[in-house]
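K.L.:
Each chain, letter by letter, is given below.
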Amino acid sequence: DQQVKQNSPSLSVQEGRISILNCDYTNSMFDYFLWYKKYPAEGPTFLISISSIKDKNEDGRFTVFLNKSAKHLSLHIVPSQPGDSAVYFCAASEGAQKLVFGQGTRLTINP
Amino acid sequence: DAGVTQSPTHLIKTRGQQVTLRCSPISGHKSVSWYQQVLGQGPQFIFQYYEKEERGRGNFPDRFSARQFPNYSSELNVNALLLGDSALYLCASSLSGSSYNEQFFGPGTRLTVL
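Just so you know, the sequences run in chain order A and B.
For the first sequence, my numbering gives the first residue as 3, with consecutive numbering after it.
For the second sequence, my numbering gives the first residue as 2, with consecutive numbering after it.
One should not assume that every hint holds.
Which residues of chain A face chain B? A few of them, derived with a C-beta cut under 7 Å, are [unchecked claim]: (1) Pro42; (2) Glu44; (3) Phe91; (4) Lys100; (5) Phe103; (6) Gly104; (7) Gln105; (8) Gly106.
Quick caveat, the hints were computed from the structure, so don't treat them as lab data.
Beta carbons: idealized from backbone N, C-alpha and C, even for Gly.
Chain B with its partners taken away, still in its complex shape:
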């Protein structure tokens, strides 16, 4: 069975640009969460979507947005990129919207902002 997939694997952008990251959950999983992991830190929660609706939002500026599609895949958009947005962006899927269910993480997208 395919796990969580994310694309692209790596991405280089310049300040002020916009970026879109993509995530495909495990088949049958209806919830997708996004995390940002800065070097040397643990993952930090950005968004959770369940059944195409936003269920939770972390402490991130409005430059960060996301959506979930009818097939449960998801996109994370970041506008007006800053140097500090350079990080590993992780997507996790789970059966339901509860974090009591195991979350399965993808390998991440490494974003570098120059």
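Bound conformation, chain A alone:
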């Protein structure tokens, strides 16, 4: 059973526009959510996180929104840059000891 789902395998956005990546989860016990970015031949790199007691967290061009009632979170990147092209994983913390990852969304920023 996939507790964290990223239903869009890929997303293409024009440079300078907003990129919105979505993630849904089913386990209401998750209390911490993270986004990771992965380039080819590298391990995932932490991007931004949000606690379940918040509904928004912002860090520069990156903002994560959490809608607990809908069990949905999203990552907004504004403005999108070519270097943002990568695979993005959302992850949720279960019991503070492990991360449960989604399948990933490949973001391509077009010049």
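Position chain B against the provided structure of chain A, taking the given hints into account.
P.N.:
Relative to the frame of chain A, chain B by itself:
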């Protein structure tokens, strides 16, 4: 500062063989977690070790085992390899055993089972 290092980078084994993967955490980090990433999927949690003790285990068969050494480095062992074990194996380190702390991932070991 050196990040998380993993060895080997790539590995080819045949079915039934055994494999050992190694991970060195960032200096000062006491927790190491192992993940398996199958092509087209997200990383899946295998084990977490903190202060040389197992803190968590994912839904993997007993063929998978791991340990952490006094210097906090770690090994992941997989016995009786199956074709389905072919994957990228990622190691992540963090300061403590809590996933609320940022986990830093290594580049992974690509295992191919023929």
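K.L.:
Hint compliance check: list the failing hint numbers for this structure, sorted ascending.
P.N.:
Violated: hint 1 alone.
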